[in-house]
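Peer 1: In case you want the letters, here they are:
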Amino acid sequence: MTEREVRITSNAGVHARPAMMLVKEAMKYPCEVFVIKDDIEANGKSIMSVLGLAITPGSRLLIKAVGDREREAVERLVRLIESDFKDL
Amino acid sequence: MSAKKFRIADLISIKGKLDLGLTLVAGAAGLDKVIKGSEINRPGLTLAGFYEFFAFDRIQIFGLGETAFLHGLDDARKREVYEKLFSYDMLCCIFSHGERPDDIFLDFSEERGIPVLLTGLETTRLITLITHIIEEAYSPSITLHGTLVEVFGIGVLLTGKSGIGKSECALELIERGHRLVADDLVEVKRLDEYLLMGSGSEIIKHHMEIRGIGIINVRDIFGIRSVRNRKRIELVALLEEWQSGKEYDRLGIEEEVYTILDVDSPYITIPVRPGRNIPIIIETAALNRRLKKMGVFSASELDMRIQNWMKQEGAAHD
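Note that the protein sequences, when read in sequence, are chains W and H.
This note's numbering numbers the first residue of the first sequence as 1 and each following residue consecutively.
This note's numbering numbers the first residue of the second sequence as 1 and each following residue consecutively.
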């Protein structure tokens, strides 16, 4: 299991488009990916799940992955979020 | 136990069925105090001077009796009583039946930052509602990945790997007149120690993602009868790819259980294979669940019939 904390810096929060980018990126990895906010664990490969977290600007997220290539997945996702969903 | 904190301010802001109709009249400084449990205290004995066992850290409920007692005191005696009473850091005081404390009481509570709330509700009703609200607020909860649907009145939680077809199955069930509660992210709470209540995330309520279409609003497409906000989970169905080596339940005499928050729910595994109509299997499983709830166990009953018949046949042979 690999996990890392990340803060949402964009002032629009994670709305549909960023959520889709996050999910698309997560789908590239065979491991299970979780996005955790306030102890609520969402499936990182499901758009509805990620949207359901209501990730507002300034939220702190925990990105967790379990399985094959988990390190890579967490690293890429954290980078995507830190770059304000521009780095792809 | 969740780390959630329920404050006095939260109690006031509740709207809808559980609205307590509370009005704050003094002690706003204490509104952020956290309510720790659902137990309340009626301070009758305390007012009369018995301070042993005074559960001051609970919500204090002043009903008709307590209020009448206070009104019967002269101002000097009131000050004496309040001086002692307010030396304890009470959580808050609620007056029921539309009663109102005197100004001396309000001065004391304002000074000590102890919220005083008024409501038109009668005492018993008020206590019942408070217990309900606080217990629900502090009930253990968990977020699960799955789809919760109501099928023939039974709450069925569909679980399984992403891509197995939970959402598609739910869609077909909705089309057949059943209801969607939550897709993908299901929040489950344990209420009254034994029942599991599932609901969806408020923000994405009644939306689904269908591969190939994108996000849809089920309520807008299928109408109000296709959705509901929460439902008790009474059956858990795991959808999994058909594994040729695996033994699936062929009789249904023994029941498997799935444990969520220490509560057991009946659990079935449904192998998914092209050409298998999963929604109709879910419908049948839900109906079978209803039969079982009414004490009818199809598999065991058939078995009994067969055994009886065999006994008779065997006797005829002798």
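If you are wondering where the hints come from, they were derived from the structure by calculation, not from laboratory data.
This one's a predicted model, so the numbers in the text were calculated from it and none came from an experiment.
Be careful, since some hints might not be right.
Mimicking DSBU-like on lysine-lysine, the simulated pairs with C-alpha atoms at most 30 Å apart in a straight line are [stated by the list, open to error]:
| id | chain 1 | residue 1 | chain 2 | residue 2 |
| --- | --- | --- | --- | --- |
| 1 | W | 37 | H | 5 |
| 2 | W | 24 | H | 161 |
| 3 | H | 15 | W | 37 |
| 4 | W | 37 | H | 311 |
| 5 | W | 37 | H | 36 |
| 6 | H | 4 | H | 15 |
| 7 | H | 189 | H | 84 |
| 8 | H | 17 | H | 36 |
| 9 | H | 205 | W | 86 |
| 10 | H | 33 | H | 5 |
| 11 | H | 5 | H | 15 |
| 12 | W | 86 | W | 28 |
| 13 | W | 37 | H | 292 |
Away from chain H, derived, C-beta distances all over 12 Å, residues of chain W [claimed, not checked]:
| id | residue |
| --- | --- |
| 14 | 1 |
| 15 | 4 |
| 16 | 5 |
| 17 | 7 |
| 18 | 12 |
| 19 | 18 |
| 20 | 21 |
| 21 | 28 |
| 22 | 32 |
| 23 | 41 |
| 24 | 45 |
| 25 | 68 |
| 26 | 69 |
| 27 | 71 |
| 28 | 82 |
| 29 | 83 |
Glycine is no exception: its CB is placed at the ideal position from the N, C-alpha and C atoms.
Peer 1: Compare the structure with each hint and give your call.
Peer 2: Status of each hint after checking the structure:
Between residue 37 of chain W and residue 5 of chain H the alpha-carbon distance is near 17 Å, which keeps this suggested pair within the 30 Å criterion. Restraint check for residue 24 of chain W and residue 161 of chain H: the C-alpha separation of about 17 Å stays at or below 30 Å, so the hint holds. Distance restraint check for residue 15 of chain H and residue 37 of chain W: the Cα-Cα separation of roughly 26 Å lies within the 30 Å cut-off, and the hinted pair is therefore satisfied. With a CA separation close to 62 Å, the supplied pair residue 37 of chain W and residue 311 of chain H exceeds the 30 Å bound.
This hinted pair checks out: residue 37 of chain W and residue 36 of chain H have alpha carbons roughly 24 Å apart, not beyond 30 Å. With a C-alpha separation of about 19 Å, the suggested pairing of residue 4 of chain H with residue 15 of chain H holds against the 30 Å cut-off. Between residue 189 of chain H and residue 84 of chain H the CA atoms are separated by roughly 41 Å; this puts the pair beyond 30 Å, and the hint is violated. Annotation: proposed proximity of residue 17 of chain H to residue 36 of chain H holds, straight-line Cα distance about 23 Å (limit 30 Å).
For the suggested pair residue 205 of chain H and residue 86 of chain W, the alpha carbons sit about 29 Å apart, so the restraint of at most 30 Å is met. Among the hinted pairs, residue 33 of chain H with residue 5 of chain H is consistent with the structure: their alpha-carbon atoms are about 9 Å apart, no more than 30 Å. Between residue 5 of chain H and residue 15 of chain H the CA atoms are separated by roughly 18 Å; this keeps the pair inside 30 Å, and the hint holds. Between residue 86 of chain W and residue 28 of chain W, the direct Cα distance comes to roughly 17 Å. Compliance with the 30 Å bound is thereby established for this hinted pair.
A distance of roughly 39 Å separates the Cα atoms of residue 37 of chain W and residue 292 of chain H; the hinted pair therefore is violated under the 30 Å criterion. Distance to chain H confirms residue 1 of chain W as a non-interface residue, since its nearest Cβ pair spans about 17 Å, more than 12 Å. For residue 4 of chain W, the shortest C-beta to C-beta distance to chain H comes to about 20 Å, beyond the 12 Å cut-off, and the non-interface label holds. At roughly 17 Å from the closest C-beta of chain H, the C-beta of residue 5 of chain W stays outside 12 Å, upholding its exclusion from the interface.
Separation of residue 7 of chain W from chain H is adequate, the least Cβ-Cβ distance of about 20 Å exceeding the 12 Å criterion. Remark: the non-interface label on residue 12 of chain W is consistent with the geometry, its nearest Cβ contact in chain H lying 15 Å away (cut-off 12 Å). The Cβ of residue 18 of chain W sits about 14 Å from the closest Cβ of chain H, beyond the 12 Å cut-off, so the non-interface label holds. No Cβ of chain H approaches the Cβ of residue 21 of chain W within 12 Å, the least distance being about 15 Å, so the stated non-interface status holds.
With a closest Cβ-Cβ approach of about 14 Å to chain H, residue 28 of chain W is found to remain outside the 12 Å limit, as its non-interface label requires. With a least CB separation of 9 Å from chain H, residue 32 of chain W falls inside the 12 Å interface cut-off, contrary to its annotation. Under the 12 Å C-beta cut-off, the non-interface status given to residue 41 of chain W relative to chain H is violated; the minimum distance is some 6 Å. The Cβ of residue 45 of chain W sits about 5 Å from the closest Cβ of chain H, inside the 12 Å cut-off, so the non-interface label is violated.
Look at residue 68 of chain W: its CB is around 15 Å from the nearest CB on chain H, clear of 12 Å, so calling it non-interface holds up. Annotated as non-interface, residue 69 of chain W keeps its C-beta farther than 12 Å from every C-beta of chain H; the closest such distance is 17 Å. For residue 71 of chain W, the requirement that its beta carbon stay farther than 12 Å from each beta carbon of chain H is met, with the minimum near 21 Å. Against the 12 Å criterion, residue 82 of chain W stays outside the reach of chain H, whose nearest CB is about 24 Å from its own CB.
Separation of residue 83 of chain W from chain H is adequate, the least Cβ-Cβ distance of about 25 Å exceeding the 12 Å criterion.
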